Amino acid sequence: MKFVDEFRDPAAARALVKSITELAGDDEFKFMEVCGGHTHTIYRHGIEHLLPANIELVHGPGCPVCVIPMGRIDDAMWLAEQPDVIFTTFGDMMRVPGSRGSLLDAKARGADVRFVYSPLDSVKIAIDNPDQHVVFFAVGFETTVPSTAVTLMRAKALGLTNFSVFSNHVTIVPPMKAILESPDLRLSGFLGPGHVSTVVGTHPYRFVPEVYGKPVVVAGFEPLDILQSVYMLLEQHRDGRCEVENQYARVVRPEGNVAALKLMGQTFQLRPHFEWRGLGFISQSALRVHDDFADFDAEVRFSMPGVRVADPKACQCGEVLKGAIKPWECKVFGTACTPETPIGTCMVSPEGACAAYYNFGRLHRETAQMVGQGAVGQGAGV
Amino acid sequence: MCLGIPGQVVEIVDEAEHLARVDVSGVRRVISVKLLAEQGVAPGDWVLVHVGFGMAKIDEQEAQLTLDQVQRMGQDYVDEIELFKTTAAEAS
Amino acid sequence: MTSERLTPSASQVPDPEDRTRLRVEEFRKRRPRLIDEVVTMAHGAGGKSSAALVDHVFVEAFRNPLLEQLGDGALLRLPSGERLVFSTDSFVVQPIDFPGGTIGDLAINGTVNDLAVSGAVPQWISVAFVLEEGFPIDRLRQLAADMRAAADAAGVQIVTGDTKVVPHGSADGLYITTAGVGVVPADRELSPAAVRPGDRLIVSGTIADHGMAVMLARGNLAIEADIESDTAPVNGLVEALLAAAPSTRWMRDATRGGLGTVCNELAQTVGLGVVIDEGLLPIDPTVLGCCDMLGIDPIYVANEGKFVAVVAAEEAEAAVAALRGLPGGAQAAVIGEVIAEPAGIVAMRTPFGGTRIVDMLVGDPLPRIC
Numbered sequence: 001m002k003f004v005d006e007f008r009d010p011a012a013a014r015a016l017v018k019s020i021t022e023l024a025g026d027d028e029f030k031f032m033e034v035c036g037g038h039t040h041t042i043y044r045h046g047i048e049h050l051l052p053a054n055i056e057l058v059h060g061p062g063c064p065v066c067v068i069p070m071g072r073i074d075d076a077m078w079l080a081e082q083p084d085v086i087f088t089t090f091g092d093m094m095r096v097p098g099s100r101g102s103l104l105d106a107k108a109r110g111a112d113v114r115f116v117y118s119p120l121d122s123v124k125i126a127i128d129n130p131d132q133h134v135v136f137f138a139v140g141f142e143t144t145v146p147s148t149a150v151t152l153m154r155a156k157a158l159g160l161t162n163f164s165v166f167s168n169h170v171t172i173v174p175p176m177k178a179i180l181e182s183p184d185l186r187l188s189g190f191l192g193p194g195h196v197s198t199v200v201g202t203h204p205y206r207f208v209p210e211v212y213g214k215p216v217v218v219a220g221f222e223p224l225d226i227l228q229s230v231y232m233l234l235e236q237h238r239d240g241r242c243e244v245e246n247q248y249a250r251v252v253r254p255e256g257n258v259a260a261l262k263l264m265g266q267t268f269q270l271r272p273h274f275e276w277r278g279l280g281f282i283s284q285s286a287l288r289v290h291d292d293f294a295d296f297d298a299e300v301r302f303s304m305p306g307v308r309v310a311d312p313k314a315c316q317c318g319e320v321l322k323g324a325i326k327p328w329e330c331k332v333f334g335t336a337c338t339p340e341t342p343i344g345t346c347m348v349s350p351e352g353a354c355a356a357y358y359n360f361g362r363l364h365r366e367t368a369q370m371v372g373q374g375a376v377g378q379g380a381g382v
Numbered sequence: 001m002c003l004g005i006p007g008q009v010v011e012i013v014d015e016a017e018h019l020a021r022v023d024v025s026g027v028r029r030v031i032s033v034k035l036l037a038e039q040g041v042a043p044g045d046w047v048l049v050h051v052g053f054g055m056a057k058i059d060e061q062e063a064q065l066t067l068d069q070v071q072r073m074g075q076d077y078v079d080e081i082e083l084f085k086t087t088a089a090e091a092s
Numbered sequence: 001m002t003s004e005r006l007t008p009s010a011s012q013v014p015d016p017e018d019r020t021r022l023r024v025e026e027f028r029k030r031r032p033r034l035i036d037e038v039v040t041m042a043h044g045a046g047g048k049s050s051a052a053l054v055d056h057v058f059v060e061a062f063r064n065p066l067l068e069q070l071g072d073g074a075l076l077r078l079p080s081g082e083r084l085v086f087s088t089d090s091f092v093v094q095p096i097d098f099p100g101g102t103i104g105d106l107a108i109n110g111t112v113n114d115l116a117v118s119g120a121v122p123q124w125i126s127v128a129f130v131l132e133e134g135f136p137i138d139r140l141r142q143l144a145a146d147m148r149a150a151a152d153a154a155g156v157q158i159v160t161g162d163t164k165v166v167p168h169g170s171a172d173g174l175y176i177t178t179a180g181v182g183v184v185p186a187d188r189e190l191s192p193a194a195v196r197p198g199d200r201l202i203v204s205g206t207i208a209d210h211g212m213a214v215m216l217a218r219g220n221l222a223i224e225a226d227i228e229s230d231t232a233p234v235n236g237l238v239e240a241l242l243a244a245a246p247s248t249r250w251m252r253d254a255t256r257g258g259l260g261t262v263c264n265e266l267a268q269t270v271g272l273g274v275v276i277d278e279g280l281l282p283i284d285p286t287v288l289g290c291c292d293m294l295g296i297d298p299i300y301v302a303n304e305g306k307f308v309a310v311v312a313a314e315e316a317e318a319a320v321a322a323l324r325g326l327p328g329g330a331q332a333a334v335i336g337e338v339i340a341e342p343a344g345i346v347a348m349r350t351p352f353g354g355t356r357i358v359d360m361l362v363g364d365p366l367p368r369i370c
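Protein chains in written order, with the working numbering: chain A, 1 to 382; chain B, 1 to 92; chain C, 1 to 370.
By construction, these hints were calculated from the structure, which means they are not laboratory data.
Only a predicted model underlies this, so the values are computations on that prediction, with no experimental measurement involved.
Glycine included, every Cβ here is placed at the ideal spot set by N, Cα and C.
A couple of the hints might just be wrong.
Unchecked claim - Taking lysine to aspartate or glutamate pairs in the DMTMM-like style, the calculated list, with each CA pair at most 25 angstroms apart, reads: (1) A:K124 to C:D172; (2) A:K262 to A:E299; (3) A:K156 to A:E56; (4) A:K124 to C:E224.
Said to hold, decoys possible - Just the calculated beta-carbon pair ranges, DEER-fashion: (5) B:E17 to A:A294: 43 to 51 angstroms; (6) A:N54 to C:A153: 28 to 36 angstroms; (7) C:E317 to B:R72: 35 to 43 angstroms; (8) A:D131 to C:Q142: 30 to 38 angstroms; (9) C:E132 to A:V309: 50 to 58 angstroms; (10) C:P282 to A:D131: 43 to 51 angstroms.
The task is simple: from the sequences and hints, build the whole structure.
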């Protein structure tokens with residue numbers, strides 16, 4: 001088994017979609033996929049148009065690239081532009097706009113900005129460039145935090161003096177709570193974030209059914225995973241159950257990755273509050289470098305401007321992230337705000353709800369179904 | 001978020017530093033398996049790879065169970081239709 | 001089947017989502033705007049930013065009917081009635097050696113291919129070098145040998161050239177610019193206007209090889225894979241295709257911006273829709289694994305020895321058979337077709353039975369974590 005193609009079987013999907021349609025009956029369902037990876041799978045494989053029209057998938061806040069506020073991007077650019085700094089980050093952070101452009105623009109103006117595949121690669125760059133200071137711009141939910149944790153440990157063990165981390169790590173539960181507290185919310189359940197759950201496990205979501213009465217199914221990222229999770233949510237509704245279930249059992253253990261959680265605790269501390277693009281300040285929702293690693297904390301080593309920049313007024317990302325409106329309902333969607341000139345966070349990363357809708361999903365439902373059903377030579381769509 | 005893909009461990013490169021070489025459809029990279037140190041990782045194991053780290057071991061039995069469930073869930077509908085057809089035929 | 005445009009204007013549509021969708025489509029079909037103050041790497045990536053730069057700086061300044069076609073080469077008519085294609089290209093690849101080729105191979109093949117897909121038989125090439133002070137003569141000699149071999153393989157002659165040297169630090173090793181001239185056979189007519197719904201899209205082989213080979217050869221990703229650039233001349237393949245499918249209406253080599261960008265150029269040029277069957281795309285499994293690992297979509301990754309052609313449905317099979325019989329064409333395949341609606345849009349039918357839109361590439365393809 002290769003754990004990919006097996007979960008993309010069109011025949012199994014067709015049967016599953018029929019069962020889903022049957023199970024949903026005439027009721028209306030709105031399920032939120034918390035994770036941007038799910039949004040990507042849904043659009044990438046055209047799942048939205050396979051599901052019956054009365055099952056709506058709402059795209060949640062789980063794209064760590066999208067939720068970094070403008071002020072933090074400005075700080076990152078400031079860091080990148082300091083003399084003798086090599087600034088490293090993941091490829092998808094390079095395009096995210098702050099108030100004066102993106103890291104790609106900083107690079108165009110002469111800053112040494114490099115993308116890395118792994119945070120550990122930044123340590124190697126620091127070793128290879130002893131006369132320069134390497135700052136790693138760390139972003140990501142609990143999935144990515146352990147990798148930064150191991151990187152910090154490694155830097156400390158090597159006794160590096162020219163390496164630091166600009167932490168923008170965030171945690172998944174607080175924004176879910178913020179969304180659940182929102183009064184205009186009408187959700188029938190959640191597809192839980194599969195890869196975050198490899199680290200945190202499934203227990204942290206228990207409050208969702210227990211306090212807010214919404215079912216959660218932790219879901220994998222292949223198309224059949226998504227469909228099966230939708231089916232499981234519908235089953236819970238049919239049976240009158242409301243609990244946390246794990247569809248992604250091949251990867252996610254209920255207790256998560258205990259070793260990773262321990263490393264995170266040793267290297268990071270909760271911030272009292274942190275600003276999320278589109279969602280505002282959320283308390284205890286982000287991580288800073290632990291005091292024990294202060295020498296490797298870019299926020300300690302550099303005095304960054306730290307100026308807060310308000311989200312653009314025209315942008316309705318907050319409502320999109322909460323599922324209150326669909327991407328296309330935003331006033332600036334697709335005209336003033338496009339992937340080339342993103343205004344809001346949801347348009348920035350390919351995983352953002354608006355960018356995914358813009359890039360992949362703008363086909364009319366019937367057109368999509370007509371095109372999708374054909375094969376070359378059968379004259380589909382003609 | 002979080003791009004994670006299944007890779008198969010082909011070699012332990014550095015036991016002390018928890019480095020292993022994984023294969024993804026013929027593409028190889030050395031990743032850190034430090035997060036899986038307690039469970040232990042050996043050549044042949046499948047792991048979920050994210051930003052150069054093994055995040056979790058992939059359980060083949062669980063994967064098969066999931067696929068079986070998918071088949072069963074899809075079958076529910078087929079069975080119901082069959083049942084409906086049979087009962088309809090009997091009723092007429 | 002109808003050639004009538006069914007698309008109503010946005011204000012006539014009752015459903016608000018459809019209305020937004022149409023407004024966005026109308027907006028999207030405009031040529032991209034140039035909003036940047038300085039040149040960024042995205043302006044060289046072959047996607048929307050490149051198009052914006054070319055439109056708003058170069059076409060603006062040089063405007064004339066030959067240039068405005070914005071093809072891979074300009075079609076020139078001599079007083080005698082004979083037709084030439086004239087094309088040019090610059091090569092700045094780093095590293096200059098990569099699995100499967102060198103900057104020297106690329107410089108020849110790139111121009112040969114631009115001429116070939118414009119319908120010409122490539123014949124003469126010019127070469128201009130910008131050399132950085134300190135560049136080893138031995139390396140230069142080797143690259144020149146590569147270029148000679150590539151020219152011989154493509155059946156073209158390097159007939160003129162130029163050399164400039166810049167101070168150390170002002171260039172990255174060397175840059176090469178080639179230009180080429182080819183002759184269009186008298187009876188050959190390629191016409192985008194002839195493209196109609198039902199026509200088939202053919203790609204001459206596997207996609208995304210070159211871009212991934214070069215990305216890995218830079219070494220900073222520490223990924224090991226046997227991926228070779230596909231750099232090769234396609235003029236032989238083009239001739240075989242035209243012989244087997246005289247109906248061939250349109251060709252483009254899928255270089256920067258990849259297959260996705262080329263298909264968008266087709267859809268916009270002919271004002272029809274294009275649908276690609278994802279399951280029919282020839283992709284080497286290792287290249288696909290590498291794309292999966294980095295979160296990069298292979299349809300936006302550069303090729304240097306592949307082209308896309310639009311042929312009449314009834315000749316598609318013969319066209320593919322002809323390509324498959326030649327070196328470099330073994331993986332040729334029908335990958336999709338032209339449809340009337342949605343006009344100007346490229347849609348992808350996923351093997352999973354879903355559908356999605358394939359837009360032009362935005363920015364440079366970058367590895368992503370999410």
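Now the hints, each set against the structure:
1. A:K124 to C:D172: Since the Cα atoms of A:K124 and C:D172 sit roughly 23 angstroms apart, the hinted pair holds (cutoff 25 angstroms).
2. A:K262 to A:E299: holds, 23 angstroms
3. A:K156 to A:E56: Violated. A:K156 to A:E56 sits at ~48 angstroms, over the 25 angstroms cutoff.
4. A:K124 to C:E224: This hinted pair holds, its Cα atoms lying about 17 angstroms apart.
5. B:E17 to A:A294: 43 to 51 angstroms: Given a distance of about 25 angstroms, which is not inside 43 to 51 angstroms, the answer is violated.
6. A:N54 to C:A153: 28 to 36 angstroms: Cβ of A:N54 to Cβ of C:A153: about 60 angstroms, so the range 28 to 36 angstroms is violated.
7. C:E317 to B:R72: 35 to 43 angstroms: holds, 41 angstroms
8. A:D131 to C:Q142: 30 to 38 angstroms: holds, 33 angstroms
9. C:E132 to A:V309: 50 to 58 angstroms: Given about 41 angstroms between the Cβ atoms, the range is violated.
10. C:P282 to A:D131: 43 to 51 angstroms: For A:D131 against C:P282, whose Cβ atoms are near 47 angstroms apart, the range 43 to 51 angstroms holds.
Comparing the model with each earlier hint shows violations of hints 3, 5, 6 and 9; every other hint is respected.
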